[in-house]
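S.K.: Sequence:
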Amino acid sequence: MSSAAEAVRRLPVQLDRDRFLRQLLRELAGTLQEVVGLEQASGFVSIVGQKIGERINEEYRSGLQVPRLTREQVTQVLVDLKRRIQGDFFVIEESDDRLVLGNRACPFGDMVRDRQALCMMTSNVFGLITAENLGYARVVIEESIAQGHAGCRVVVHLAPSPDDGAPAGQEYFKA
1 MSSAAEAVRR LPVQLDRDRF LRQLLRELAG TLQEVVGLEQ ASGFVSIVGQ
51 KIGERINEEY RSGLQVPRLT REQVTQVLVD LKRRIQGDFF VIEESDDRLV
101 LGNRACPFGD MVRDRQALCM MTSNVFGLIT AENLGYARVV IEESIAQGHA
151 GCRVVVHLAP SPDDGAPAGQ EYFKA
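In the UniProt record's numbering, the protein residues as written are 1 to 175.
Derived from the structure by calculation, the hints contain no laboratory data.
Bear in mind the structure is a predicted one, so any value in this text is a computation, not a measurement.
Mixed in with the good hints, there may be bad ones.
As the list claims (entries may be wrong) - Pair by pair, the computed Cβ-Cβ distance ranges are:
1) Gly148 <-> Ile92: 46 to 56 Å
2) Pro12 <-> Leu64: 35 to 45 Å
3) Tyr136 <-> Phe20: 13 to 23 Å
4) Ala7 <-> Pro67: 57 to 67 Å
5) Lys51 <-> Pro160: 39 to 49 Å
Glycine included, every Cβ here is placed at the ideal spot set by N, Cα and C.
The whole structure should be built from the sequences, with the hints applied where relevant.
M.R.: Structure (C-alpha coordinates):
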(Lines of atoms letter the chains of each structure in order from A; the text may use other names.)
(Lines give C-alpha, C1' and ligand atoms only; values in the text may rest on other atoms or scores of the structure.)
Protein backbone atom coordinates (compact mmCIF):
# COMPACT_ATOMS: atom_id res chain seq x y z
CA MET A 1 0.00 0.00 0.00
CA SER A 2 1.35 3.44 -0.90
CA SER A 3 2.06 5.98 1.80
CA ALA A 4 -0.72 8.24 0.44
CA ALA A 5 -3.22 5.39 0.61
CA GLU A 6 -2.10 4.51 4.12
CA ALA A 7 -2.34 8.14 5.26
CA VAL A 8 -5.86 8.47 3.86
CA ARG A 9 -6.96 5.14 5.35
CA ARG A 10 -5.81 6.20 8.82
CA LEU A 11 -7.64 9.55 8.82
CA PRO A 12 -10.09 9.89 11.72
CA VAL A 13 -12.99 10.54 9.33
CA GLN A 14 -16.33 9.71 10.96
CA LEU A 15 -17.84 7.86 8.07
CA ASP A 16 -19.43 4.45 7.98
CA ARG A 17 -22.46 3.02 6.25
CA ASP A 18 -24.90 3.88 9.04
CA ARG A 19 -23.74 7.50 9.32
CA PHE A 20 -23.70 7.89 5.54
CA LEU A 21 -27.29 6.61 5.22
CA ARG A 22 -28.51 8.84 8.07
CA GLN A 23 -26.82 11.84 6.42
CA LEU A 24 -28.39 10.88 3.10
CA LEU A 25 -31.87 10.75 4.68
CA ARG A 26 -31.27 14.04 6.47
CA GLU A 27 -30.30 15.80 3.25
CA LEU A 28 -33.16 14.22 1.27
CA ALA A 29 -35.68 15.27 3.92
CA GLY A 30 -34.14 18.73 4.16
CA THR A 31 -34.20 19.22 0.41
CA LEU A 32 -37.83 18.07 0.23
CA GLN A 33 -38.82 20.39 3.09
CA GLU A 34 -37.10 23.35 1.40
CA VAL A 35 -38.37 22.65 -2.12
CA VAL A 36 -41.97 21.48 -1.58
CA GLY A 37 -42.59 22.46 2.05
CA LEU A 38 -42.95 20.47 5.25
CA GLU A 39 -46.48 19.22 4.54
CA GLN A 40 -45.68 17.74 1.13
CA ALA A 41 -42.30 16.43 2.30
CA SER A 42 -44.12 14.66 5.11
CA GLY A 43 -46.45 13.18 2.50
CA PHE A 44 -43.56 11.69 0.55
CA VAL A 45 -42.02 10.24 3.70
CA SER A 46 -45.46 8.86 4.64
CA ILE A 47 -45.55 6.74 1.49
CA VAL A 48 -42.18 5.21 2.35
CA GLY A 49 -43.27 4.69 5.97
CA GLN A 50 -46.40 2.87 4.84
CA LYS A 51 -44.43 0.44 2.69
CA ILE A 52 -41.90 -0.20 5.44
CA GLY A 53 -44.70 -0.59 7.99
CA GLU A 54 -46.36 -3.25 5.84
CA ARG A 55 -43.14 -5.27 5.71
CA ILE A 56 -42.40 -4.91 9.42
CA ASN A 57 -45.98 -5.84 10.35
CA GLU A 58 -45.79 -9.00 8.25
CA GLU A 59 -42.43 -9.98 9.77
CA TYR A 60 -43.72 -9.72 13.33
CA ARG A 61 -46.99 -11.53 12.53
CA SER A 62 -45.05 -14.29 10.81
CA GLY A 63 -42.50 -14.49 13.61
CA LEU A 64 -45.23 -14.72 16.24
CA GLN A 65 -47.22 -17.09 13.99
CA VAL A 66 -50.44 -15.13 14.36
CA PRO A 67 -52.83 -13.67 11.78
CA ARG A 68 -53.34 -10.56 13.92
CA LEU A 69 -51.51 -8.98 16.85
CA THR A 70 -53.25 -8.25 20.16
CA ARG A 71 -53.07 -4.79 21.71
CA GLU A 72 -50.33 -5.95 24.07
CA GLN A 73 -48.37 -7.45 21.16
CA VAL A 74 -48.80 -4.26 19.12
CA THR A 75 -47.38 -2.22 22.01
CA GLN A 76 -44.41 -4.53 22.38
CA VAL A 77 -43.81 -4.65 18.61
CA LEU A 78 -43.72 -0.84 18.41
CA VAL A 79 -41.14 -0.68 21.20
CA ASP A 80 -39.13 -3.62 19.85
CA LEU A 81 -38.93 -2.42 16.26
CA LYS A 82 -37.52 0.91 17.42
CA ARG A 83 -35.05 -0.89 19.70
CA ARG A 84 -33.80 -2.92 16.74
CA ILE A 85 -32.99 0.26 14.81
CA GLN A 86 -31.34 1.96 17.79
CA GLY A 87 -34.27 3.98 19.05
CA ASP A 88 -35.08 3.98 22.77
CA PHE A 89 -38.87 3.86 22.96
CA PHE A 90 -40.67 2.87 26.15
CA VAL A 91 -44.28 2.52 27.29
CA ILE A 92 -45.69 5.40 29.33
CA GLU A 93 -49.32 4.25 29.23
CA GLU A 94 -51.30 1.40 27.68
CA SER A 95 -55.10 1.29 27.82
CA ASP A 96 -58.07 0.26 25.70
CA ASP A 97 -58.21 3.83 24.36
CA ARG A 98 -54.59 4.64 23.64
CA LEU A 99 -50.92 3.80 23.78
CA VAL A 100 -48.50 6.47 24.94
CA LEU A 101 -44.85 5.93 24.13
CA GLY A 102 -41.79 7.94 25.05
CA ASN A 103 -38.43 7.93 23.35
CA ARG A 104 -34.96 8.96 24.48
CA ALA A 105 -32.99 8.29 21.26
CA CYS A 106 -33.99 8.67 17.61
CA PRO A 107 -32.88 5.96 15.17
CA PHE A 108 -31.76 8.80 12.89
CA GLY A 109 -29.52 10.15 15.66
CA ASP A 110 -28.70 13.84 15.60
CA MET A 111 -29.45 13.88 11.86
CA VAL A 112 -33.18 14.22 12.67
CA ARG A 113 -32.91 17.74 14.12
CA ASP A 114 -35.02 20.19 12.11
CA ARG A 115 -36.22 17.37 9.85
CA GLN A 116 -39.77 16.92 11.14
CA ALA A 117 -40.77 15.19 7.90
CA LEU A 118 -38.80 12.16 9.11
CA CYS A 119 -41.24 11.82 12.02
CA MET A 120 -43.74 10.57 9.46
CA MET A 121 -41.76 7.33 9.40
CA THR A 122 -42.71 6.77 13.03
CA SER A 123 -46.28 7.92 12.48
CA ASN A 124 -46.85 5.69 9.47
CA VAL A 125 -45.11 2.59 10.77
CA PHE A 126 -46.88 2.86 14.15
CA GLY A 127 -50.20 3.78 12.51
CA LEU A 128 -50.13 1.03 9.92
CA ILE A 129 -49.16 -1.72 12.36
CA THR A 130 -51.76 -0.59 14.89
CA ALA A 131 -54.59 -0.16 12.38
CA GLU A 132 -53.91 -3.40 10.54
CA ASN A 133 -54.08 -5.34 13.78
CA LEU A 134 -56.57 -3.39 15.89
CA GLY A 135 -58.69 -1.76 13.18
CA TYR A 136 -57.86 1.92 13.70
CA ALA A 137 -55.11 4.29 14.82
CA ARG A 138 -54.67 8.02 15.13
CA VAL A 139 -51.06 8.93 15.78
CA VAL A 140 -50.18 12.21 17.44
CA ILE A 141 -46.52 13.11 17.87
CA GLU A 142 -46.78 15.52 20.78
CA GLU A 143 -43.03 16.04 21.19
CA SER A 144 -40.11 15.06 19.01
CA ILE A 145 -36.35 15.24 18.95
CA ALA A 146 -36.71 16.60 15.40
CA GLN A 147 -38.50 19.65 16.84
CA GLY A 148 -35.78 20.19 19.44
CA HIS A 149 -37.33 18.38 22.40
CA ALA A 150 -35.15 16.20 24.62
CA GLY A 151 -37.21 13.16 23.59
CA CYS A 152 -40.36 12.09 21.82
CA ARG A 153 -43.88 11.55 23.10
CA VAL A 154 -46.11 9.62 20.72
CA VAL A 155 -49.79 8.95 21.42
CA VAL A 156 -51.54 6.24 19.42
CA HIS A 157 -55.32 6.53 19.82
CA LEU A 158 -57.04 3.19 19.30
CA ALA A 159 -60.56 4.42 18.54
CA PRO A 160 -61.93 7.41 16.65
CA SER A 161 -62.94 10.26 18.90
CA PRO A 162 -65.52 12.94 18.22
CA ASP A 163 -64.07 16.26 17.18
CA ASP A 164 -63.79 17.52 20.73
CA GLY A 165 -60.68 19.59 20.33
CA ALA A 166 -58.42 16.54 20.54
CA PRO A 167 -54.99 17.17 19.04
CA ALA A 168 -54.81 16.58 15.32
CA GLY A 169 -52.94 13.57 14.12
CA GLN A 170 -52.69 11.13 11.27
CA GLU A 171 -55.51 8.61 11.04
CA TYR A 172 -54.99 5.04 9.84
CA PHE A 173 -57.61 2.42 9.04
CA LYS A 174 -57.41 -1.32 8.46
CA ALA A 175 -57.08 -1.98 4.73
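S.K.: Can you list which hints this structure breaks, lowest number first?
M.R.: 1, 3, 5
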